Amino acid sequence: MYKILEAEVLAERTYKMIVEAPNVAHACEPGQFLIVRAEEESERIALTICDFDRVKNTVTIVFQTIGESSYKIAEKKAGDSFADVVGPLGNPAEYVNEPIEEVRKRHYLLVGGGLGTAPVYPQAKWLKEHGVDVDVIIGTKSKDTLIMEQEMIDAVGEDHVFVTTDDGSYKRHGMVTTVIEELVKEQGKHYDMCVSIGPMIMMKFCVKLTKELGIPTTVSMNPIMVDGTGMCGACRLVVGDEVKFACVDGPEFDGFKVDFDQAMKRMKLYKTEEGRRLLEYQEKGGGGCHSR
Amino acid sequence: MAIEVDMMKKVPVAEQDAKERAKNFDEVCLGYTEEEARAEATRCLNCKNPKCVEGCPVRIDIPGFIGRLKDGDNAGAYEVIGEASSLPAICGRVCPQETQCEGNCIRGIKGEAVSIGKLERFAADWARKNGIRPVKKTGNNGKKVAIVGAGPSGLTCAGDLAKLGYEVTIFEALHKAGGVLVYGIPEFRLPKDEVVAAEIENVKALGVEIKTDYIIGRSETVEELMEKEGFDAVYIASGAGLPMFMHIPGEQALGVYSANEYLTRANLMKAYRDDYDTPINIGKKTVVVGGGNVAMDAARTALRLGSDVTVVYRRSEQELPARAEEVHHAKEEGIGFALLTNPVEILEDEEGVVKGIRVIKMELGEPDASGRRRPVEIQGSEYEIECDTVIMALGTTPNPLISGTTKGLETNKKKCIVADEETGATSKKGVFAGGDCATGAATVILAMGAGRKAAKGIHEYLS
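Going line by line, the protein sequences match chains D and E.
Residue 202 in the working numbering sits at position 202 of the first sequence; the count goes up by one each step and never skips.
Residue 266 in the working numbering sits at position 266 of the second sequence; the count goes up by one each step and never skips.
For the record, the hints were derived by calculation from the structure and aren't laboratory data.
As the structure is a prediction and not an experimental result, all values here were calculated from the model.
Be aware that a few hints might be false.
Unchecked claim - Covered stretches of chain D, going by a simulated chain E footprint (3 or more residues, C-beta under 8 angstroms): (1) 19 to 26; (2) 33 to 44; (3) 81 to 93; (4) 223 to 233; (5) 242 to 251.
To be verified - Derived EDC-like pairs: lysine to aspartate or glutamate, alpha-carbon spacing no greater than 20 angstroms straight-line: (6) D:LYS125 - D:GLU149; (7) E:LYS270 - D:GLU68; (8) E:LYS192 - D:GLU39; (9) E:LYS270 - D:GLU40; (10) E:LYS211 - D:GLU20; (11) D:LYS265 - E:GLU251; (12) E:LYS176 - D:GLU40.
Claimed, not checked - To list a few chain D residues with every Cβ distance to chain E over 12 angstroms, as calculated: (13) LYS56; (14) ARG104; (15) ASP144; (16) ASP159; (17) HIS190; (18) LYS204; (19) LYS208; (20) LYS257.
Ideal Cβ positions, reconstructed from N, Cα and C, are used throughout, including at glycine.
So here's chain D without its partners, still in its complex pose (with noise of 0.2 angstroms):
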């Protein structure tokens, strides 16, 4: 069993948990993700690593309630346990396993959108704890739906820190393309690579703009999975010519060479459940949704 240590609502549907699982706190990098199972009945779930502490043996999962299996996670209060939790599964992002001194030539553009703030959250700590120059843009709906603005600040300063909101509500108003256009084109600002991970349409308006500016980018992809390992192939999508597996290829691919359009379109697979859920909050609200 794996014990939940702390739960908190950060916003509307959308929750922090600290959890108790060794075998992925002590190995977890940025850029991998975990599954959780609420209940012996339940569905594997994959959700993003927000935070992980390998002395404490705990890791930090940030999630939305999307279908049934998201909402037993939800009802679970600290103290409770979840009857499975497993990772690390995917590959860590490209930059922990290249020369530190590579990395630190560069210059990294994070962005987040909405609930995939939170995977950025620890690629931007690594990357400054690294000491590795990164600037990060969260993107969300509104004011209300903002998630982890302060825990980025903390982590990476708040001058390179920048809120738009899709309402005005808070800070900029307009989508995360707007601020990267602002940052380039009118600040100036250069960028060797971007990380770019939030609701497929947004990685997918994204990508076409760090193309048209000449910055690769990493966007995570978040298909619908059953194990997590290699096994199933429910998460293939197209990149480049090639069918790959987000769940041992991935879940970070390049963004340039990714079928967004064919992602999303396999999204609605299940038409009355999880996939179809999931797609409709993205593509209603931008901000909201992604489950992992």
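Fit chain E to the given chain D structure using the hints.
Just chain E now, kept in the frame of chain D:
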């Protein structure tokens, strides 16, 4: 009442009626009663030079256990089987006996072979129902072995090593032990709680520890197991891996599944049960592409979930790689077969949902490298089959998790781990491998056979 035995024929075994079972997930074959088993046992010739044993990948003393059954010594029969097999209730159900033990049976030359599989199943089921478990005879020898994967190969290796006195820990990535026995083979062929869970408990009773939710290659590498955790040897039995696709247009359409996904949802995640949350799209018309046991399992699962099912296979009936019994059962249950037929395109509607499959007829040409006659397209013979679900059951390619994270572990062209056939030894010292991760997708019993050999190989290495 004594059962009359025709020495040329197997004592028939009771099965659930085809029409009835097509609507439920209960086991198809009901197994022998004690009287039937004893009657069938009398058909064994007790050959001096038993060919059946040669055909068994784990070398069960077949005349030995059948002799005990004949004498009414069921517990003795179970003990004889247990010397060679850790999972007899499973093998009795899923082994391809017709090409192994029963294929070699001398009775089978003139009449029908002795029903060895059904007798093995009877002995194992009898033992389970009577609370008899395998016993560990030796004390611990102080040496530790790690096993990666709690499927048939890992469980067999673990059982054998535990009996030899090793401290064995199995690391399993999924939340449940059993590997393909729980995620792949359906309930109606292999009951999960009653049979699989009980066999796994028997392995645990030998002192084997199973850690679920534990991913070797991610949480810890093979090297870390040996250097940090103090394991003296590691046996990799991580299974088959990623599903293959045909790379034809439309394969990303909604409603195209790999058999692995479809079966995992149905079996491991129990999508067919109302009390589980797993979603599964049940089509009205399902096409299964492929002709192996996995294709039959997927087809018969789809049928039970309420779909009309057609199996599309590019060669003829003779070449179907599935067990004869499975094909026979599938036909009885009403599954259609489009043989000598190959998909060329999956058709999708404007929403991207499967609406059919375009296929082409094939004929058999010259034999290819596998010795089977190569299927050749018949030009102009294309036609469409209407369907809303397509299940690809084309086999798998090895999972890169272990090979990609273990330095010095040699893999072959097909990315399978290179392992000695007799000992399981790999290119890395102290690391052994076997089962599907080394051979590519095969059968439960072959994986078990590899597990046995590796246990012997590890024992020799550590002695």
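To see whether the hints hold, each was checked on the structure:
Proximity of the region 19 to 26 of chain D to chain E, defined as three or more residues with a beta carbon under 8 angstroms from a beta carbon of that chain, is established by the 3 residues found. Requiring three or more residues with a Cβ within less than 8 angstroms of a Cβ of chain E, the coverage given for the region 33 to 44 of chain D holds, as 5 such residues are present. Under the rule that three or more residues need a Cβ within less than 8 angstroms of chain E, the assignment of the region 81 to 93 of chain D holds, with 7 such residues. With 7 residues having a Cβ less than 8 angstroms from any Cβ of chain E, the region 223 to 233 of chain D passes the three-residue criterion, so the hint holds.
Requiring three or more residues with a Cβ within less than 8 angstroms of a Cβ of chain E, the coverage given for the region 242 to 251 of chain D holds, as 3 such residues are present. With a CA separation close to 13 angstroms, the supplied pair D:LYS125 and D:GLU149 stays within the 20 angstroms bound. Only pairs whose Cα atoms come within 20 angstroms are accepted, and E:LYS270 paired with D:GLU68 is accepted, the gap being roughly 15 angstroms. Proximity of E:LYS192 to D:GLU39 is assessed by CA-CA distance (about 19 angstroms); at most 20 angstroms being required, the pair is judged to hold.
A threshold of 20 angstroms between alpha carbons decides the hint, and for E:LYS270 with D:GLU40 the separation of about 11 angstroms falls inside it, so the pair holds. A distance of roughly 16 angstroms separates the Cα atoms of E:LYS211 and D:GLU20; the hinted pair therefore holds under the 20 angstroms criterion. Distance check on the hinted pair: D:LYS265 and E:GLU251 sit about 12 angstroms apart at the alpha-carbon level, within 20 angstroms; holds. Restraint check: the Cα-Cα separation between E:LYS176 and D:GLU40 comes to about 10 angstroms, which is no more than 20 angstroms; the hinted pair holds.
Annotated as non-interface, D:LYS56 keeps its C-beta farther than 12 angstroms from every C-beta of chain E; the closest such distance is 17 angstroms. Every CB of chain E lies more than 12 angstroms from the CB of D:ARG104, the least distance being 26 angstroms, so the non-interface label holds. Every beta carbon of chain E lies more than 12 angstroms from that of D:ASP144, the smallest distance being close to 29 angstroms; the non-interface claim holds. The beta carbon of D:ASP159 is kept farther than 12 angstroms from every beta carbon of chain E, the shortest such distance being approximately 36 angstroms.
Annotated as non-interface, D:HIS190 keeps its C-beta farther than 12 angstroms from every C-beta of chain E; the closest such distance is 34 angstroms. Remark: the non-interface label on D:LYS204 is consistent with the geometry, its nearest Cβ contact in chain E lying 16 angstroms away (cut-off 12 angstroms). No Cβ of chain E comes within 12 angstroms of the Cβ of D:LYS208; the nearest lies about 21 angstroms off, and the non-interface call holds. Listed as outside the interface, D:LYS257 is consistent with that label: its C-beta sits roughly 15 angstroms from the nearest C-beta of chain E, beyond the 12 angstroms cut-off.
Checked against the numbered hints given earlier, this structure breaks none of them.
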